[in-house]
Amino acid sequence: MNDVRRSSPFLRWLARAWSWLFLLFMILFFEVWARASFNATFLFNPTNIQSILLAAVQPLLLALGQTLVIIAGGIDLSVGFTVGLAAVVSARVMQNFDPLMPAALSFALACPIALLAGLGVGAVNGFLVARLNVPPFIGTLGMYGVARGLGFLAAAGNTVPTDNPVNSAMGNGFLFGLIPIPVLVTAVVVLVMHYVLSQTKFGQYTYAIGGNRQAAVRAGINVTRHTMQLYLITALLAGLAGLIYTGRFTAGAAQAGEPTLLDSIAAVVIGGASLFGGAGTITGTVIGALIIAVIQFGLVFINVQPFWQFIAVGLVIILSVLVDQSKSQVVKS
Amino acid sequence: MTPILEARNLTKRFGGVTALNNVSFELFPGEVLALAGDNGAGKSTLIKCISGVHLPEEGQIFLEGKEVRFSNPREARAAGIETIYQDLSLADNLDVGANVFLGREPMRRRLGLPMLDRAKMRSEASTVLDTLDIQTALDRPVNALSGGQRQAVAIGRAIYWKARLLIMDEPTAALGVPEQRKVVELIHRLKAQGVAIIFISHNLGDIFAVADRILVLLRGSKAGERKASETHGDEIVKLMVGA
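Protein chains in written order, with the numbering used here: chain A, 104 to 436; chain B, 81 to 323.
Source of the hints: derived by calculation from the structure; they are not laboratory data. The structure presented is a predicted model; accordingly, all values stated were derived computationally and were not measured. Warning: the hint list may mix true and false statements.
Label pairs and their computed distance ranges (CB to CB) [as the list claims (entries may be wrong)]:
| hint | chain 1 | residue 1 | chain 2 | residue 2 | range |
| --- | --- | --- | --- | --- | --- |
| 1 | A | Pro-264 | B | Asp-219 | 49 to 57 Å |
| 2 | B | Gln-215 | A | Leu-117 | 22 to 30 Å |
| 3 | B | Ser-309 | A | Val-424 | 36 to 44 Å |
| 4 | A | Ile-241 | B | Pro-186 | 33 to 41 Å |
| 5 | B | Val-317 | A | Asn-325 | 43 to 51 Å |
| 6 | B | Glu-155 | A | Leu-146 | 53 to 61 Å |
| 7 | B | Ala-272 | A | Asn-325 | 34 to 42 Å |
| 8 | B | Ala-272 | A | Ile-241 | 52 to 60 Å |
| 9 | A | Ile-241 | B | Glu-310 | 54 to 62 Å |
| 10 | A | Ala-139 | B | Lys-200 | 48 to 56 Å |
| 11 | A | Leu-117 | B | Arg-149 | 54 to 62 Å |
Idealized CB from N, CA, C, for every residue including glycine.
Here chain A stands alone, though its shape is the one from the complex (with noise of 0.2 Å):
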């Protein structure tokens, strides 16, 4: 029984770290480029990471859901258009509520009524997915749809506009004026899923049913309860990331995540994930949202056309997948 099969070691773990090295890369790239051109600094100047920390919060929170989903061997397309139902949700609430009652109560209200708007599409998509067995790229496509016309009808197919103090605070507040709030929050977002994800039951199973759906019913998995449970996650955090919108911008508007649905799916890829499921991580999915926010925000900072940010996230894409198939490239031992 020796013919296991080996990859050479060098090769998997260049696949396990060349994410990291490519980020760093990125940075050393911008960093050198800013010295030389403008003499300037890129990375030791605490706005440029707030920037770019900022950029990665919605892509990421996006991509944090979309990871189990897409371990577990699903996807989910609705939840940029849930971000933007949650984001007018919000601030609805907030208009409405505003003249009644003190600020801080109306925008705590607002928050748990945004999050269950969003909770809503999860269930419609769990229930699809799950219960009745649609293929999660046509029913998320389906809410996809449904998300956005709900999104612009709430809005009337306008912005919405708040002037809720408390609201703009959190958006735009700093903790001991250095952390961005949105940041602080997608960061404890990031250690909650990431402890989810590797060390518990929940995680393992999500592993489980994207290797083998049939094992883990045998094994005595609740698989239909836990996928609708992935999709509900992955709306409740795309809510979040309506609510820090509509914070940051004092205003909710249903495509408010349009653009970010493909960073995320592409931030969960560049992360190592398999789109055939089984396989990704949560520190990798960090990784890829922070590759995608330092080439955006890189390129803009060194003056190059903002389109090339397109043309550089899409090769990224393409090289993490081809670094992926490499690792799996059988050596004959």
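Let chain A serve as the given structure and place chain B on it in line with the hints.
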């Protein structure tokens, strides 16, 4: 001696089709019973009635003399009946320990939080594979293992959870010849440990290599039951085709 398992007059119908008709048999600890029969003879239906996948319309099942009725596979497993399916039911992306403990993971507390006890899963998996005399990489996902090693992991999982009755569906079908031999050796070792085994196979060579008794099914009914030492391949084939 009480049989570990006794099936009495099991009948299972699917609509108008009688998939299993009035089949009875006994199985004693440490005994290997081979189920033989052509495709559609009712072998799978019979084991599914025992492993809790199907509920037979008629008949009774006794486990160590006590009547049991399993409404799902989990109840059968809790009673000590483990089934190893042809596809092995392994999560290919997880390592050996995770597969042995799938659905029943041990936890420990660290920093006040419950966490998976991966060290325990690995060491227990290693111990159980040692008792089966199997060496394999414990830190790699099981898709990196050979067919025989994967089979051993599936068997190891059943053994770890104290299976008293092991149902194996075509355990050698997908394996090369050296690995088939290894699985046959494993079955002998389990038998020596007092585990009763029901073994489905199309391969008469394997059947005669491991079985104490052979039960032949034909179109859902029992065509015959023979001691392996008192029969030969030709007779079994005749029973299988109803000649």
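Notebook entry, point to check: Hints broken by the structure, by number, lowest first?
Noted result: Violated hint (a single one): 3; every other hint is consistent with the structure.
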